[in-house]
Every structure is written in C-alpha cells, then in structure tokens.
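*Asks:* One letter stands for each residue in the lines below.
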Amino acid sequence: MLTATAAGLAGLAFALAWPVPVLLARARWPARDPVVALLCWQAVGLAGGLSLIGALLVHGLAPWGPSLPEAGWAVLSAGPAGGPVRGDHWVALTLAGVLAVELVGVLAHSWVRTARTRRRHRELLELVVRPAAAVPDARLLDHPAPVAFCIPGARPLLVLSSGMVAELDEAQLAAVVAHERAHLREHHHLYLLPFVAWEAALPVLPATTRAHTAVRTLVEMRADDLALADPALAGTGGPHPRRTLAEAIVAAAEGAGGVPGGALALGAGAVAARVHRLLDPPPPLPAAVRTAVLVVAALLLLLPTALLLLPAGL
Amino acid sequence: MASLGELERAVMDRLWAADGPVAATTLRDGLADRGLALTTVHTVLTRLEQKGFVEHDEGRPRRFRARASQEQHAAELMHEVLGQAGDRQAVLARFVGSVGPEEARLLRELLASSDG
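Line by line, the protein sequences give chains A and B.
In terms of the numbering used here, the first sequence opens at residue 1 and continues consecutively.
In terms of the numbering used here, the second sequence opens at residue 1 and continues consecutively.
In case anyone wonders, no lab produced these hints; they're calculated from the structure.
Values in this document were obtained by computation on a predicted structure and should not be read as measured data.
For each residue, glycine too, the CB sits at the ideal point set by N, CA and C.
There's no promise every hint is true.
To be verified - Just so you have them, the derived chain B footprint on chain A, three or more residues with Cβ under 8 Å:
id: 1; segment: 20-32
id: 2; segment: 45-58
id: 3; segment: 177-188
id: 4; segment: 241-252
id: 5; segment: 269-282
Use the sequences and the hints to build the structure in full.
*Replies:* Structure representation (structure tokens):
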C-alpha cells in the first residue's frame with residue numbers, strides 16, 4: 001500500500017507527466033504572455049521532477065516512516081524499520097536514485113557538450129567572419145543563405161550571413177539584430193537547458209518533447225516582443241515595426257529552406273505562429289488572469305515541496 | 001597589442017594566400033610590420049594546430065599549411081548551423097528555422113493577406 005504522502009506525490013507526478021503538459025501546450029493564452037507561460041513550464045518541469053523522484057523515495061522509505069522527514073530521521077539515526085521491507089520498497093528506492101542521478105548527469109552532460117560545441121563554433125567563426133559594416137557589434141559570414149544567429153556565453157557573438165544582409169532592407173535587418181540581442185540579454189539558452197535534459201533523460205515520455213518544443217517557441221516569441229520594444233528598432237523599423245519583423249522572419253525562413261538535415265517539421269508551425277502573432281497581435285492577458293496563473297504556478301511548486309518536507313501527521 | 005585571436009586570423013590569412021607550405025620564419029617576415037618574435041609565431045601556430053586548422057610537414061625546418069580553405073570552414077559552420085540537431089537551440093539561438101516550400105508559400109500568403 002502507498003502511504004498518503006507517496007500517493008499524493010505519485011498522483012501529482014502523473015498529472016505533470018501527461019495531462020498538464022498536453023493542456024499547456026494546446027492552450028492559446030501562452031502566445032499572449034510568453035513570460036508567464038515560460039514560468040509555468042519551468043514550474044511544471046521542476047514540480048514534475050520533484051514529485052516523481054519524491055513519490056519513489058517516500059514509498060521506498062515507507063517501512064521507516066510515513067513521510068520523508070520521519071523516515072529520513074529514522075534511517076539516519078539507524079533506527080529499525082517499523083514494518084517489513086519488501087521488494088517493491090527496494091525497487092522504488094533504486095528507481096529514485098537512478099532517476100535523480102540520470103537527471104543531474106544529463107544536465108551536466110548537456111552543459112558540457114553545448115559549451116564544447118559553442119567553443120568550436122566560436123573558433124571557426126573567428127577564422128571566417130569579419131566585422132559587419134552595417135551593424136556595429138555583429139559579425140558577417142560569407143554565405144548565400146539568409147541566416148542570423150547568436151552564440152550565448154561569456155563572450156556572446158552575433159552573426160549575420162551575407163545572404164541575410166543582401167535579402168533584407170535596413171529596417172528588417174535592425175529587427176533581426178534586435179531579436180538576437182534580446183536572446184542574449186535575457187539568457188534564453190538557460191531557460192532551454194532543463195528541457196533539453198528532461199528530453200534526453202526521459203525520451204519515452206512524450207511530454208518532455210512537447211515541453212521542449214513549447215519552450216523553444218515561447219522564447220522566440222519573447223525575443224520578438226523585446227525586439228519590438230528595442231529603441232534601435234523604433235528608430236529604423238519603419239512605420240510598422242511588427243510588420244517589418246514579420247517580413248524578416250518570412251524572408252529568412254524561406255530563404256534557408258531545402259537545406260539538408262534541417263529540422264523542417266519542427267520549425268514550420270512555430271514560424272507561422274510567430275508571424276500570426278506579429279501581424280494580428282492577440283490582446284495581452286488581463287492583469288487578474290496573469291496573477292492567477294502565476295499563483296497557480298507557485299502552488300504547483302509548493303505542493304510537492306510541502307508533501308516532501310512536512311510530516312505526514314500535519 | 002594585438003590579441004591572440006587577431007594574430008591567429010592574420011597567420012591564417014597568410015597561409016591561405018600562400019601557394020604551398022610555409023616556414024615559420026617566412027610567416028614572421030611576412031608579418032614584419034607587426035614586429036613579432038619567432039616564438040610568438042610558433043605559439044600561434046601551435047594553437048592553430050590544436051584547433052585543427054593547421055598542419056605541418058616533417059621537413060626541416062617544418063613548414064605549415066592550412067588544412068582547409070576559408071570557404072570550407074564557412075561551409076562547415078553553416079552546415080552545423082542549418083542542420084539543427086535537437087538541442088541546437090541551446091548551443092546557438094538562430095533567428096528562424098528553415099521551412100519547406102509549402103510552408104513558405106503559406107507564410108507569404110499570410111503576409112499578403114494582412115497588407116496595409
């Protein structure tokens with residue numbers, strides 16, 4: 001039998017592994033407020049991990065006590081188990097350990113691997129780029145495909161291809177640069193890292209892929225919003241900065257098409273969503289709804305924490 | 001004081017411009033306006049070799065050459081940038097991913113329909 005605490009955590013883990021991410025990924029409101037939606041996804045990921053590992057841990061330790069503080073204290077003070085220790089307790093404990101180690105290991109591994117790839121890219125870039133005359137802090141890469149990207153890190157690098165400069169007018173180029181600068185300024189790559197780890201650690205769980213895709217799209221929408229507020233764009237972005245940015249997105253998306261190895265299917269829906277959002281902006285979330293969603297996200301984190309830390313008797 | 005990165009770039013430009021393998025002393029003479037010591041040239045060459053951009057022969061003195069042209073390096077980089085692996089967005093943030101011809105047409109229509 002599961003103790004009440006373990007059952008509560010297991011129920012929460014199930015909800016966060018399946019129905020909650022499905023609903024959040026399908027919802028329309030995230031496009032209206034990417035920041036709040038990003039906070040929700042972080043809460044779902046963190047609470048999901050806590051409740052999944054917590055449920056296994058609490059069940060595995062059930063013979064020593066009905067909740068984590070009691071059982072933990074009994075184990076640490078070398079107290080005897082209050083009930084028979086069965087096979088399923090050992091299995092739960094092992095799974096909790098494996099999952100915790102795997103998550104931390106995958107996180108560390110993707111951190112190291114992305115850092116290595118970034119260094120390699122930066123080394124290559126230093127050889128082949130030259131300062132872009134049109135944009136002060138950007139580098140120019142000779143290539144016909146219209147591409148812009150930034151490499152985050154201690155020494156961030158903003159790169160435009162010569163194809164991008166040729167394809168876009170001055171205002172559109174300013175929009176692209178403002179978008180990339182926004183990624184760097186808000187360190188969006190750090191938002192993505194936990195979801196890269198989740199997906200690598202539990203690829204069998206469709207929610208991990210769904211969450212990763214949703215967070216990627218939201219980060220792009222957030223960068224679009226920041227680009228529109230950028231004073232540099234306000235100066236050169238023409239009378240309709242939203243349209244200017246949308247035109248830049250479409251030009252870049254179709255220009256680089258047909259490149260072998262490109263993950264086309266993943267990008268297409270998200271690109272259309274971004275363009276839709278720019279051309280026909282949805283109304284922002286009402287303040288009351290915004291607050292309510294943030295409270296729910298906070299509760300989502302508090303619930304597994306409380307179940308793990310409070311004694312069962314309370 | 002020139003940075004190491006800039007020196008690396010200058011040395012690579014020399015190697016790319018050269019017809020064949022080049023000795024370190026020749027490189028130093030070619031970069032005479034920078035007043036480099038031979039040891040500095042060797043340091044830069046060693047770093048470039050570690051990065052896999054330069055290789056040397058077994059002659060005496062050793063002669064150095066670029067392993068790939070500038071265009072090849074640019075192509076390699078673009079291949080990695082365009083061929084997005086699953087976690088590529090964590091490595092670099094690309095402005096927008098590529099879409100197929102059909103999606104591109106739909107996007108164009110979207111732009112045209114909201115004209116004005």
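*Asks:* Next step is simple, just say for each hint if it's right about the structure.
*Replies:* These are the hints, each one checked on the structure:
Remark: the segment 20-32 of chain A is not confirmed as covered by chain B, as 0 of its residues place a Cβ nearer than 8 Å to a Cβ of that chain, below the required three. Residues of the segment 45-58 of chain A with a Cβ under 8 Å from some Cβ of chain B number 0, which does not satisfy the need for three, so the listed coverage is violated. Judged by the Cβ-Cβ criterion of 8 Å, the segment 177-188 of chain A is covered by chain B as claimed, because 5 of its residues qualify and three suffice. Three residues within the 8 Å Cβ limit are the bar, and the segment 241-252 of chain A against chain B gives 7, so the coverage statement holds.
Coverage of the segment 269-282 of chain A by chain B holds [criterion: at least 3 residues with CB-CB distance below 8 Å; count 8].
In summary, the structure is inconsistent with hints 1, 2 from the numbered list given earlier, while agreeing with the others.
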